[in-house]
Amino acid sequence: MDTQENDASRPSAALTVEEAIAAAAMPAAATDSASAVAARSPGKPPQALGRTIVITSGKGGVGKTTTTANLGTGLAEAGKNVVVVDADVGLRNLDVVLGLENRVHKHLLDVIEDKCSLDDALVRDRVRRSLYLLPAAQNREKDDVPTEAMAALMQTLAARFDFVLIDSPAGIEKGFRNAVVGAKEAIIVTTPEVSAVRDADRIIGLLPPDVEARLIVNRVRPALVKKGTMMSVNDVVDILRLELVGVVPDEKEIIIATNRGTPVIDIDGSQTGAAFRRIVRRLLGDTVAIPSFQAPEGFVSRLKSTLGLGKP
Amino acid sequence: MAGTVYVVTSGKGGVGKTTTTANLGGAFAKLGLKVALVDADIGLRNLDLVLGLEKRIVYDLVDLVEGRCQSRQALIKDRRFDDLYLLPASQVKDKESVSEDQMRIAMRKLAVDFDVVLVDCPAGIEHGFRNAVAGADQALVVTTPEVSAIRDADRILGMLGSRRARLIVNRVRPEMVRSGDMLSIDDVKEILGREIVGVVPDDEEIIDTTNRGEPVVLDGARRLGRIYTAIARRLLGEDVPFTNLADDGLLVRLRRLMIGS
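For the protein sequence lines, the chains are Z and D, in the order given.
Per our numbering, the very first residue in the first sequence carries number 1; after that it's consecutive.
Per our numbering, the very first residue in the second sequence carries number 1; after that it's consecutive.
Calculated cross-link-like contacts (lysine to aspartate or glutamate; reagent style EDC-like; alpha-carbon spacing at most 20 Å): (1) Z:Lys252 x Z:Asp266; (2) Z:Lys252 x D:Glu204; (3) Z:Lys252 x D:Asp208.
Keep in mind that the hints were calculated from the coordinates and are not lab data.
One chain only, chain Z, in its complex shape:
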């Protein structure tokens, strides 16, 4: 595997969460128009720019949209003003995962092309009132979105919201470049599979050098790791050398939640939901340990540990 090819161009270790928050809280050079926009509701004080985070992966189907929906939901439930941006023009899905598909009327390209105001395009979540969706156009192409306009729009959003989460399309074409252009931070989502890790490695090398990148390892199946047929989280981190911001176990609840349009973070008793809640707290600067997601122990080993006999 040629996973080392981009090492030289890779940004050095990411900022700590605390440093990133301090950076985000610095007095912002907000433009007049951005301040004017920010003065309106919903919003935040115009003096501070919010954090812009792109969720990307290279490979499709590893969980970018699910991650965006859950982190957006979790941050809103923590009291933050959050906008989630669907940058997958032509193949949007973030609206479906959030259960907001019937309320989409205008979209990101309408805003960029001045066909409507930002407020007309934003869809407010019914339950979490500080969560907004900026949907993608379904009948347009990614090439229709000028990269500079995308960057400017993300700036405008950062002046209004505490968090701007950008859901990147798969691949490394124009759609990816547009999703990344306005972001100061990146969350790389991967699964412990060789093809996903290879694509993640490629995409890390394509990020602008000033973007702070962190890693989520998604769809971990402890039983397969234990059997030796799946890479461990440590293996993935060793290869990609990014700061780990979360590990999310695979469970069928995620399919049910996605099909129903209810983010899994709101489902009690879901391990996947609990993992996303921990990531939200880490994004907010808390120190939360990453559990090891051991495979369910067999009767004998459970009994042994109960008896204080230790593990082999």
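Fit chain D to the given chain Z structure using the hints.
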């Protein structure tokens, strides 16, 4: 007579295009056909890894269309099969480095020498998608029984022109269909309105074989191996029966979604 060029596509990523391409290619080869697999995901190639051929790449698709090598130099023979070859994608170029016309010509040439050409399409609907589709006679659209994958499949079906397009429904979990937590095959067929040529269950064996670069079809005794062989035979015109699965109630939401958009 020239062979048939199929593009394996989906819209949504991660639904199993590359795995399907590798295993279907292996299945055709085991049935005695001469098969070329083309990785059209320039810059994010993976078909080489799934086939375990990554260490043998010298020339690639971009080299071929730009005339830097002959097709016999770029095609890597998979020695585990009689007649299975891989035309790898370049990992360092981008998708704009190949034009639709160049792809069309390259696929025509391959179809002269091979019975079946399977083109593994990148995710999305950008330049890489248009390239992968350009030289294809027919399409195999891979989807999973999930709302987002089906919506993307619906979108892509509208972008395939007059090509015959058939569906492969991947990662089906029969127990979730039965409990009403997953769409059934009949639902998928009704929504997308196309012929289904294969139904592949979700099986963790596929993760293992992918990580090891050994297509599951290598072992004809395995359940998934038999399923991919059945799909290949259906594509060759044989009438191979397949089992049906239970119904469920997610149809309403998806139907509203499709009609509403």
